Amino acid sequence: MTDALLIAQSAMVIGGIGLLVGIVLIWASIKFAVETNPLVEEVIEVLPGANCGACGYAGCADFAEKVVEETAPIDGCPVGGFDVVKEIGGKLGQEVKEAESIYPFVRCNGGVHCTDKIDYVGIEDCRAVMMISDGEKGCSYGCVGRGTCVRACPFGAITIGDDRLPHINKNMCKSCAICVDECPNDILVMASDAEKVHVLCRSNDKGKLVKSVCEFGCIGCRICAKNCPEDAITVTGFLAEIDQEKCTNCGLCVENCPQKTIEMISPSVEATA
Amino acid sequence: MEDVSLFAIAINGIFVKNFLLVQFLGLCSFLGVSKETKSAAGMSAAVMFVMIMASIAAFLIYTFLLKPFGLTFLTTISFIIIIASLVQLVEFIIRKFSPPLYRSLGIFLPLITTNCAILGVVILNVRLEYGFIESVFYGFTAGVGYTMVMLIMSSIREKCSVLRIPEAVQGIPHAFFITTLLSMAFVNFFGVIPT
Amino acid sequence: MAEKTILGEYLRGIVKDNPVLALVLGLCPALAVTTSVENAIGMSGAALFVLLGSNIMVSALRKQIPPIIRIPMFIIIICTFVTIIDMVMEAYTPPLYKALGIFIPLIVVNCIIIGRAEAYAIKNNVKYSIVDAFGIGTGFLVVLVAIGAIRELLGTGAIVLFGFKLISIPIYSDTPATFMILPAGAFMTIGVLMALVNYNRIRKLKKGA
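As they're listed, the protein sequences go chains A, B and C. Going by the numbering used here, the first residue of the first sequence is number 1, and it counts up by one from there. Going by the numbering used here, the first residue of the second sequence is number 1, and it counts up by one from there. Going by the numbering used here, the first residue of the third sequence is number 1, and it counts up by one from there.
Honestly, I wouldn't trust all of these hints.
[Stated by the list, open to error] Have a look at the derived ranges for each label pair, beta carbon to beta carbon:
{"id": "1", "chain 1": "C", "residue 1": "Phe179", "chain 2": "A", "residue 2": "Leu209", "range": "27 to 37 Å"}
{"id": "2", "chain 1": "A", "residue 1": "Lys91", "chain 2": "C", "residue 2": "Ile69", "range": "57 to 67 Å"}
{"id": "3", "chain 1": "C", "residue 1": "Lys123", "chain 2": "B", "residue 2": "Ser98", "range": "50 to 60 Å"}
{"id": "4", "chain 1": "B", "residue 1": "Ser98", "chain 2": "A", "residue 2": "Val112", "range": "21 to 31 Å"}
{"id": "5", "chain 1": "B", "residue 1": "Gly32", "chain 2": "A", "residue 2": "Gly81", "range": "53 to 63 Å"}
{"id": "6", "chain 1": "A", "residue 1": "Ile118", "chain 2": "B", "residue 2": "Glu167", "range": "23 to 33 Å"}
{"id": "7", "chain 1": "A", "residue 1": "Val112", "chain 2": "C", "residue 2": "Phe179", "range": "45 to 55 Å"}
{"id": "8", "chain 1": "B", "residue 1": "Gln170", "chain 2": "A", "residue 2": "Asp116", "range": "25 to 35 Å"}
{"id": "9", "chain 1": "A", "residue 1": "Cys250", "chain 2": "B", "residue 2": "Leu101", "range": "28 to 38 Å"}
Read the hints as simulated data drawn from the structure, not as lab findings. Model, not experiment: these values are computed from the prediction. For every residue, glycine included, the Cβ atom is placed at its ideal position computed from N, Cα and C.
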């Protein structure tokens, strides 16, 4: 066929395909249009956008939708802190009150103070270590120190220190509590700055065994419970636990503990011993 | 073209001529998305869907528009226009019916347009002179092969996140070494379907 | 912004912005066609042609292209050049055309070319866009030839270029490791190359710090 006809036909075919495609897409953009509530977009803007799931919903956008629908509490996002709660409250025209900020607390003082039972070489994950003969340390309840919490933290707020224990940077911590869920030995717990006295041990091993492997482990001697004026301490088995609701931070247990397991933490210090 | 059985097409598409491990098509998206199983699954589903729809549309355009008028040199450009619009259409549909999936796929959705696997399928359909059913089926089985390798890869990479790897090897080189092993396994399928 | 020199922009495409090893783009052809050095050179040549054409045209039209439809425009421009080189290769270099197979039309979705149009040609004048195209093209050539040479030499025991046997390993070429010609060999080769590039980069970072 002639060149001119070829050029004309090519132009028509490509033009035709383009036109058809254009029409289909315009139809689709109308038919599948998504109605977005502009208020939801505003709330999304205000949220931190980490999509960490601490609120319990599938990401920040989902939480924003549920908050506008009023099926989620306004203060459901711990990561944003009170500033974000205030802003959301402002947008929805609702009153908000400030809650105490909480941070993870390391309930173990083992680390380098606790002897190793085996020489572990393998996957650098606390969960993996705990699957092998109940951990690598003499105390099977203690902190493994291989960094599962470090990796779990979406904000990079945790580091493993030279003492082989996690250290939480309160400035970077957004209280999402994902690290608490990930720790295989339940070492981390969320605590507010008002709760100053803590038992830095989770071991329920007999006192003699604990003393042989760990410098600071709880031996279940009950001295703290006997001395507590508020009856806030209970010793189950060989482990002492403080009921923070009853505790008045008087510090008597701290003075009397023979193992120095209980410590008084001042708020300015990082959330570990 | 001689009759090609659907079974032969399936075995070819999924195993013998696997798009990722044997034909080297779709590698950029493969490396980028295969870190997490969640995004790998979402991406594979979108790719498979676009492959099937593109095979249908491309076949129709080629058979009824390009070939009769002797305009087969317009194949590449028409196919890419179709693929780009299909991807846009899929984006509209996903955004309407599954906003969480839409948000998790994020940038990967528009990237399917430049995924050589999709354009590869439709061009292969033309070059192998497949009929309508064979073309669509080839699109489907290519998608299945892609999905299979993506899911295997993402499962492996997720587990590997806790390994001690030398810094220079971390990331993409490590992914390539895993792919080497997977590809070696697929070499066993060569010759199963005689070419 | 630093002074742009022609040599500087050219070298940047080879080392700092090397398409395959630094930008990690264009992996599909880099692995698929590098079964021999000859194919590698052929592929780089075709890619360079398309890259040149698209960079020049996009750069020349950069003030006229409305931003919202720039990606479809890039694709159409690139498609034109790909179709041209496809037909030219089919006519003038049939064995190379057959060896490269579907990867010639697939140049249109090669992220390198769209990437350069988006990142460079739309913002710079024609002169520098040409230099950039040559730089990136050369970078692509270097990597492809490297991979092709390794695969061909270790996979067949010799490198044959346009009919001339360039190198041949004496005893090894009787039973070469055909593994290298297979897809698995390609993945391993590029894995090792990238690891070396990473190692070099980390070493430089540590020295600089």
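Status of each hint after checking the structure:
1. Phe179(C) <-> Leu209(A): 27 to 37 Å: violated (56 Å)
2. Lys91(A) <-> Ile69(C): 57 to 67 Å: violated (36 Å)
3. Lys123(C) <-> Ser98(B): 50 to 60 Å: violated (37 Å)
4. Ser98(B) <-> Val112(A): 21 to 31 Å: Hint violated: Cβ distance 50 Å, outside 21 to 31 Å.
5. Gly32(B) <-> Gly81(A): 53 to 63 Å: violated (33 Å)
6. Ile118(A) <-> Glu167(B): 23 to 33 Å: holds (27 Å)
7. Val112(A) <-> Phe179(C): 45 to 55 Å: With Cβ atoms ~48 Å apart, the hint holds.
8. Gln170(B) <-> Asp116(A): 25 to 35 Å: About 28 Å separates the Cβ atoms of Gln170(B) and Asp116(A), which means 25 to 35 Å holds.
9. Cys250(A) <-> Leu101(B): 28 to 38 Å: 55 Å Cβ-Cβ, so the 28 to 38 Å window is violated.
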